[in-house]
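Residue numbers (numbering that gives the first Met the number 0), protein chains in the order written: chain A, 0 to 346; chain B, 0 to 572.
Honestly, I wouldn't trust all of these hints.
[What the hints assert, rightly or not] Below are the DSSO-like pairs computed for lysine-lysine, each with C-alpha atoms no more than 30 Å apart in a straight line:
1. A:K272 with B:K525
2. A:K272 with B:K207
3. B:K443 with A:K250
[Said to hold, decoys possible] Listed next, the stretches of chain A that the computed footprint assigns to chain B, with coverage defined by at least 3 CB atoms under 8 Å from CB atoms of chain B:
4. 142-154
5. 273-280
6. 317-330
[As the list claims (entries may be wrong)] Which chain B residues stay away from chain A? Per the calculated CB distances, all over 12 Å, these:
7. K52
8. R70
9. D78
10. D141
11. R160
12. P180
13. E191
14. D256
15. P261
16. G300
17. Y421
Keep in mind that the hints were calculated from the coordinates and are not lab data.
As the structure is a prediction and not an experimental result, all values here were calculated from the model.
Think of the CB as a built atom: it goes at the ideal place given N, C-alpha and C, for glycine as much as any other residue.
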Amino acid sequence: MALRSTDILTQTPQGLYCPLGDFHIDPVRPVKRALITHGHSDHARSGHRTVLATRETLLIMAVRYGEDFAGSTQEATLGESMKLGDVTVRFTPAGHVLGSAQITIEAGGTRVVVSGDYKRAEDPTCLPYEVVPCDVFITEATFGLPVFRHPDTREEVRELLDSVALFPERTHIVGAYALGKAQRVMALLREEGYDQPIHLHGAMERLTEFYKSEGVPLGDTPKVIASERSKLAGAIVICPPSSIQDLWSRKFPDPVTCFASGWMRVRARARQKGVELPLVISDHSDWDDLCRTIRETGAGEVWVTHGQEDALVHWCTMHGIKARPLHMLGYGDEGEAEETASTGGEA
Amino acid sequence: MNRFAALLDRLSYEPRRNAKLRLIMDYFRHTPDPERGYALAAMTNALMFKEAKPGLIRGLVEERTDPELFRMAYHYVGDLAETVALIWPAPGHENVAPISDDTPAIGHNNPPPHVPTLTEVVETLATTSKSDLPAKVAGWLDALDETGRWALLKLITRELRVGVSARLAKTAVAQLGGFEPDDVELIWHGLEAPYEDLFAWVEGRGPKPESGNPAPFRPPMLSHPLEEEDFVKLDASDFLAEWKWDGIRLQAVSGHDSHGKPVRRIYSRTGEDVSRAFPDLVEALTFEGAIDGELLIVREGLVQSFNVLQQRLNRKAVTPKLIAEFPAHLRVYDILTEGEEDLRDLPFAERRKRLEALVARLDNPRIDLSPMVPFETWDDLATARANPASVGAGPDADAIEGCMIKRANSPYLPGRPKGYWYKWKRDPYLVDAVMMYGQRGHGKRSSFYSDYTFGVWRDGPNGEELVPVGKAYHGFTDEELVKLDRYVRNHTVNRFGPVREVEYGRDRGLVLEVAFEGLQRSTRHKSGVAMRFPRINRIRWDKPAAEADRIETLEKILERGEKEIHPLKDQEA
Numbered sequence: 000m001a002l003r004s005t006d007i008l009t010q011t012p013q014g015l016y017c018p019l020g021d022f023h024i025d026p027v028r029p030v031k032r033a034l035i036t037h038g039h040s041d042h043a044r045s046g047h048r049t050v051l052a053t054r055e056t057l058l059i060m061a062v063r064y065g066e067d068f069a070g071s072t073q074e075a076t077l078g079e080s081m082k083l084g085d086v087t088v089r090f091t092p093a094g095h096v097l098g099s100a101q102i103t104i105e106a107g108g109t110r111v112v113v114s115g116d117y118k119r120a121e122d123p124t125c126l127p128y129e130v131v132p133c134d135v136f137i138t139e140a141t142f143g144l145p146v147f148r149h150p151d152t153r154e155e156v157r158e159l160l161d162s163v164a165l166f167p168e169r170t171h172i173v174g175a176y177a178l179g180k181a182q183r184v185m186a187l188l189r190e191e192g193y194d195q196p197i198h199l200h201g202a203m204e205r206l207t208e209f210y211k212s213e214g215v216p217l218g219d220t221p222k223v224i225a226s227e228r229s230k231l232a233g234a235i236v237i238c239p240p241s242s243i244q245d246l247w248s249r250k251f252p253d254p255v256t257c258f259a260s261g262w263m264r265v266r267a268r269a270r271q272k273g274v275e276l277p278l279v280i281s282d283h284s285d286w287d288d289l290c291r292t293i294r295e296t297g298a299g300e301v302w303v304t305h306g307q308e309d310a311l312v313h314w315c316t317m318h319g320i321k322a323r324p325l326h327m328l329g330y331g332d333e334g335e336a337e338e339t340a341s342t343g344g345e346a
Numbered sequence: 000m001n002r003f004a005a006l007l008d009r010l011s012y013e014p015r016r017n018a019k020l021r022l023i024m025d026y027f028r029h030t031p032d033p034e035r036g037y038a039l040a041a042m043t044n045a046l047m048f049k050e051a052k053p054g055l056i057r058g059l060v061e062e063r064t065d066p067e068l069f070r071m072a073y074h075y076v077g078d079l080a081e082t083v084a085l086i087w088p089a090p091g092h093e094n095v096a097p098i099s100d101d102t103p104a105i106g107h108n109n110p111p112p113h114v115p116t117l118t119e120v121v122e123t124l125a126t127t128s129k130s131d132l133p134a135k136v137a138g139w140l141d142a143l144d145e146t147g148r149w150a151l152l153k154l155i156t157r158e159l160r161v162g163v164s165a166r167l168a169k170t171a172v173a174q175l176g177g178f179e180p181d182d183v184e185l186i187w188h189g190l191e192a193p194y195e196d197l198f199a200w201v202e203g204r205g206p207k208p209e210s211g212n213p214a215p216f217r218p219p220m221l222s223h224p225l226e227e228e229d230f231v232k233l234d235a236s237d238f239l240a241e242w243k244w245d246g247i248r249l250q251a252v253s254g255h256d257s258h259g260k261p262v263r264r265i266y267s268r269t270g271e272d273v274s275r276a277f278p279d280l281v282e283a284l285t286f287e288g289a290i291d292g293e294l295l296i297v298r299e300g301l302v303q304s305f306n307v308l309q310q311r312l313n314r315k316a317v318t319p320k321l322i323a324e325f326p327a328h329l330r331v332y333d334i335l336t337e338g339e340e341d342l343r344d345l346p347f348a349e350r351r352k353r354l355e356a357l358v359a360r361l362d363n364p365r366i367d368l369s370p371m372v373p374f375e376t377w378d379d380l381a382t383a384r385a386n387p388a389s390v391g392a393g394p395d396a397d398a399i400e401g402c403m404i405k406r407a408n409s410p411y412l413p414g415r416p417k418g419y420w421y422k423w424k425r426d427p428y429l430v431d432a433v434m435m436y437g438q439r440g441h442g443k444r445s446s447f448y449s450d451y452t453f454g455v456w457r458d459g460p461n462g463e464e465l466v467p468v469g470k471a472y473h474g475f476t477d478e479e480l481v482k483l484d485r486y487v488r489n490h491t492v493n494r495f496g497p498v499r500e501v502e503y504g505r506d507r508g509l510v511l512e513v514a515f516e517g518l519q520r521s522t523r524h525k526s527g528v529a530m531r532f533p534r535i536n537r538i539r540w541d542k543p544a545a546e547a548d549r550i551e552t553l554e555k556i557l558e559r560g561e562k563e564i565h566p567l568k569d570q571e572a
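All chains, please: the whole structure from these sequences, using the hints.
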């Protein structure tokens, strides 16, 4: 008899837990053994005794928290199965940021996929998402409402470049999460032929260097020197979202405030942040891709971890798929959490 | 339509007034008649479509989307037009469609998509019959992109919400020809969309349009709230004071048309013609000129509370019974014109004399003077403000919500000029209450949990319990909003659609210091009281919930029998 899904995975205050393998996935508090889907700080926290993750995710954690972020670490090779206790686990690309992976857990003929954060759209900075057929699919729902349909990122980047051409006397300050989004915006700019230096806020520097060292071509990305901000008319500057409105950004010549995020699809969200040029560029799946992915996995049961759970659960139910919201705290939570953690939780 | 949509789009992201002005002027310069005239009409809220209403849009979107998904999306986005613009399914789109055995409503034989001009939209909406409208609007929505859909829907719902006031749009027109906004304002009420004569005039191609309105609206002068530190800077001897009445600001204008027939109008402070709602007052305007005052309900010489006034305001039909029961009264405090003479450049003290003479001549009990409050020092005025009855306000003291302080030499200037008029309201009441529910906001606050229901302690059948006493959605800063929003999310115990119940109890919960202007008994509220204009004064992160106030604190305020009513019904004196 096949195991019940809850025998394979349960919800604990630390996060999702697999009793048969005795490990947590993306735990929000320190645990004995953690499997980490990707390097964003709401998923990858320091202080676990052992951490299993992709090579890139482990390196990202080391960049962020220091070499001693965990008691010990183990590298997961994409596509390779390994035995943990009574279960088999496998990491598969999630297309979210560099190193991001879904984690498949299999036991007694039942397959559960914890997808972490994922997207289906093209991204020059990471491996594309791979569909893993499964019985139970565990998904996020950051943009789990049918108003979220992400446009073609190239159109958005062209809009930024048009604005730069239109206002050569002003600096374009682009708010973007330090891990993933910032590098994706840089790579997209390069794809559109932008060959000027892209200036970086200090908080962007180390992760950007890491991306370059992993072979992602991002071109010339000098760090902004505080005393020379007034000379950056016509330039593109990338900084953490928390910096687009603070004093730091006011020292540039008549800055145009831009923000690269899926939230920019909703006008009020852009205005709440004082954004003049919203760029709808997201590292998460939009509504259509969430629905498509659920269909493609063939899962009969869907658990929704965080975000706009209710609508996605409703959609699943309408389509005859068993679904329940987990209401998990400590993750993105509609992206508000990013405000305090400018280098972490993202959208 | 696309050009107009692009204008609205840019305006909606542009916070700076001058930049908005530039955008609008730029649009007017580069857009031909009548297109730009209809845009001006949209921005001044002068378009009215009899059949195209929000209900039509709801109907269209309900045919195409699952109602539950639409409801959730709407609660999140907080704006009907934007929700529909975003959720509108492209042909063949399945992830929002309702599951149904019926033949879906989409996929009918529409003509090929055609992107309409604004003029076409406005003219079609005005002339198309109710039964033909849905197909017409749906066709446009299919043809337009997301921004175009949003602009079209904004037009139909008549709420542009792009941070442009009618005043700003008129200013843009005026500046095209180097005129003052008041020059446009004075002839505005005689004009009609698409305003070709107005554009011709400001561009020097035609004569100044006739006002056409012998009783035009003139923008009122507004005041600033008085801050503690202002007293040091202001010399009491330069100022005069009046009571601040708890009513509705009105402008009453009377003139005559070319046949000598009297034309009498009553305007709200935003320039809306509300004459039809107050025939009893219109009758009393037997003068020529424009006066500024407060609408009050007076029964047997006694000013009634704002609550009573609201009962008259809320009625659609003005019946003789309503007029008899709620007689409208104008308590005047300024005069803008008399006969052909514009008095607005005279000092306030001079205008006041002219006003006193006019009211004396009128000799009509429906129109009387707002009395001056005598004082020599700010301390005198503070005493008067704290106790209006002590300085002759008599039985009307209850309808007073503070003082207006006006510089004796101040001209009557439109808008809110600095340094002339101040409002000094009575201090609000404060109570410490516990947050019980958070609800998602609308407009600017959409998707934030920004509306908070709070309660105070009372004895219940099972010991002490919290009873909700009010709901507040402002008073906090944007930074505090982010924190409150996070608090709601992280302490949710129950979800009811857009509402979340948060943790509360003797040993948990968040205390909010709530300020309010007054209390009334209410049978609609569980607690039996209703607050006037409650807002979050402070967030008491430090205070244990058990130490929040009890219902008795509120009941004491009620029992003081003061009918404490001094609200901020339209934000302005």
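Could you let me know if the closest chain A CB is still more than 12 Å away from the CB of R70 (chain B)? Since the minimum Cβ distance to chain A is about 9 Å, R70 (chain B) lies within 12 Å and the statement is violated.
Going by Cβ atoms, does P261 (chain B) stay more than 12 Å from chain A at every point? holds, 47 Å
Confirm or reject the coverage of the stretch 317-330 of chain A by chain B under the rule of 3 or more residues with a beta carbon closer than 8 Å to the chain's beta carbons. With 4 residues closer than 8 Å to chain B, the stretch 317-330 of chain A meets the three-residue bar; holds.
For the pair supplied as a hint, K443 (chain B) and K250 (chain A), confirm whether the alpha-carbon distance does not exceed 30 Å. holds, 27 Å
Distal placement of D78 (chain B) relative to chain A, Cβ over 12 Å: Given that some Cβ of chain A is not farther than 12 Å from that of D78 (chain B), nearest at about 7 Å, it is violated.
Beyond 12 Å from each Cβ of chain A, as asserted for G300 (chain B): holds, 49 Å
If you draw a straight line from the CA of K272 (chain A) to the CA of K525 (chain B), is it 30 Å or shorter? violated, 38 Å
Measuring Cβ to Cβ, find out whether R160 (chain B) lies farther than 12 Å from everything in chain A. violated, 9 Å
Given as non-interface: E191 (chain B), which should sit over 12 Å from chain A by C-beta: Holds, because the least Cβ-Cβ distance between E191 (chain B) and chain A comes to about 31 Å, which exceeds 12 Å.
If I take the minimum Cβ distance from Y421 (chain B) to any residue of chain A, is it greater than 12 Å? holds, 30 Å
Verify the coverage statement for the stretch 273-280 of chain A against chain B, using a C-beta to C-beta distance below 8 Å and requiring 3 or more qualifying residues. As far as the stretch 273-280 of chain A goes, the hint holds, because 5 residues have Cβ atoms under 8 Å from chain B.
Can we confirm that no CB of chain A comes within 12 Å of the CB of D256 (chain B)? Consistent with the label, D256 (chain B) stays out of reach of chain A, its closest Cβ about 45 Å off (over 12 Å).
In terms of the numbered hints stated before, the structure departs from hints 1, 2, 8, 9, 11, listed from lowest to highest.
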